[in-house]
Amino acid sequence: MGALDDTDPKEFITDFFTSFMSDLVRGDEDPAVIVDRYHTPDILQVADGHLMDRAKLIAHTRPARKHQTGARWEVHEAIADGDRIAARYTLHFQTSKREGSVDVHFFGQFADDGRMRRAHMLTRSVPVEVSDRGRVST
Amino acid sequence: MTVSTYRVIGMACGHCAGFVTEEIERIPGVTAVAVDVEHDTVTVNSDRLLDLVEVRAAVEEAGYELH
Chain Z
1 MGALDDTDPK EFITDFFTSF MSDLVRGDED PAVIVDRYHT PDILQVADGH LMDRAKLIAH
61 TRPARKHQTG ARWEVHEAIA DGDRIAARYT LHFQTSKREG SVDVHFFGQF ADDGRMRRAH
121 MLTRSVPVEV SDRGRVST
Chain W
1 MTVSTYRVIG MACGHCAGFV TEEIERIPGV TAVAVDVEHD TVTVNSDRLL DLVEVRAAVE
61 EAGYELH
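For the protein sequence lines, the chains are Z and W, in the order given.
Per the UniProt record's numbering, residue 1 is the first one in the first sequence, and the count goes up by one each step.
Per the UniProt record's numbering, residue 1 is the first one in the second sequence, and the count goes up by one each step.
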């Protein structure tokens, strides 16, 4: 995980989520350690109005670790301003029981070392078309 | 009709709520499921008394944890 000012914002946000999810679903490292590697202790995320602090974020890693078999972040555009990023992306996910895509409009703030400090997200599930199946990769 | 409220850990957004709802709705006798992500609770309406074991199994099948 690199610092934001060293990287193209589109690449930064793709690498951030891909690397975080990869660390979670591969291996058996304590989820709290992984969450802390990618987020500051005062992390605050708001997804569709639902507030998520560090404790809730750690609890939320359990379903991902248990069921996620694939995830791909397709970042359509990303703009950086200082320590903040605005991005529009589609998360394509695959679990043992379902697959789907979620459109996300993201506003985030990152620490100098690349850890996430704050994120606001508005999301929308998108229907999976038959022709899209099998395109999700880990 | 029976109404029961359970504490479910790990839900963070509307998508989580959807996954949990989908699994609990599969339990025979369940007539309605209402998820409160903010307070980590799931309220289930059913036309019979549900066994905690089957509710736990449904929640865990969705990937979450019943407390």
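By construction, these hints were calculated from the structure, which means they are not laboratory data.
Here a beta-carbon is modelled for each residue, glycine too, at the ideal position from N, C-alpha and C.
Any given hint could be a false lead.
Distance windows between CB atoms, simulated [said to hold, decoys possible]:
| # | chain 1 | residue 1 | chain 2 | residue 2 | range |
| --- | --- | --- | --- | --- | --- |
| 1 | W | 48 | Z | 76 | 24 to 32 Å |
| 2 | W | 22 | Z | 11 | 15 to 23 Å |
| 3 | W | 2 | Z | 11 | 37 to 45 Å |
| 4 | W | 51 | Z | 33 | 53 to 61 Å |
| 5 | Z | 124 | W | 4 | 28 to 36 Å |
| 6 | Z | 40 | W | 38 | 16 to 24 Å |
| 7 | W | 41 | Z | 99 | 26 to 34 Å |
| 8 | Z | 126 | W | 56 | 48 to 56 Å |
| 9 | Z | 6 | W | 3 | 27 to 35 Å |
| 10 | Z | 28 | W | 4 | 28 to 36 Å |
| 11 | W | 57 | Z | 74 | 46 to 54 Å |
| 12 | Z | 83 | W | 3 | 34 to 42 Å |
Verification of the hints:
1. W:48 <-> Z:76: 24 to 32 Å: violated, 48 Å
2. W:22 <-> Z:11: 15 to 23 Å: violated, 35 Å
3. W:2 <-> Z:11: 37 to 45 Å: violated, 53 Å
4. W:51 <-> Z:33: 53 to 61 Å: This hint is violated: roughly 36 Å between Cβ atoms.
5. Z:124 <-> W:4: 28 to 36 Å: holds, 31 Å
6. Z:40 <-> W:38: 16 to 24 Å: Given about 23 Å between the Cβ atoms, the range holds.
7. W:41 <-> Z:99: 26 to 34 Å: For residue 99 of chain Z against residue 41 of chain W, whose Cβ atoms are near 28 Å apart, the range 26 to 34 Å holds.
8. Z:126 <-> W:56: 48 to 56 Å: violated, 31 Å
9. Z:6 <-> W:3: 27 to 35 Å: Hint violated: Cβ distance 54 Å, outside 27 to 35 Å.
10. Z:28 <-> W:4: 28 to 36 Å: holds, 34 Å
11. W:57 <-> Z:74: 46 to 54 Å: violated, 34 Å
12. Z:83 <-> W:3: 34 to 42 Å: Because 47 Å falls outside the window, the suggested range is violated.
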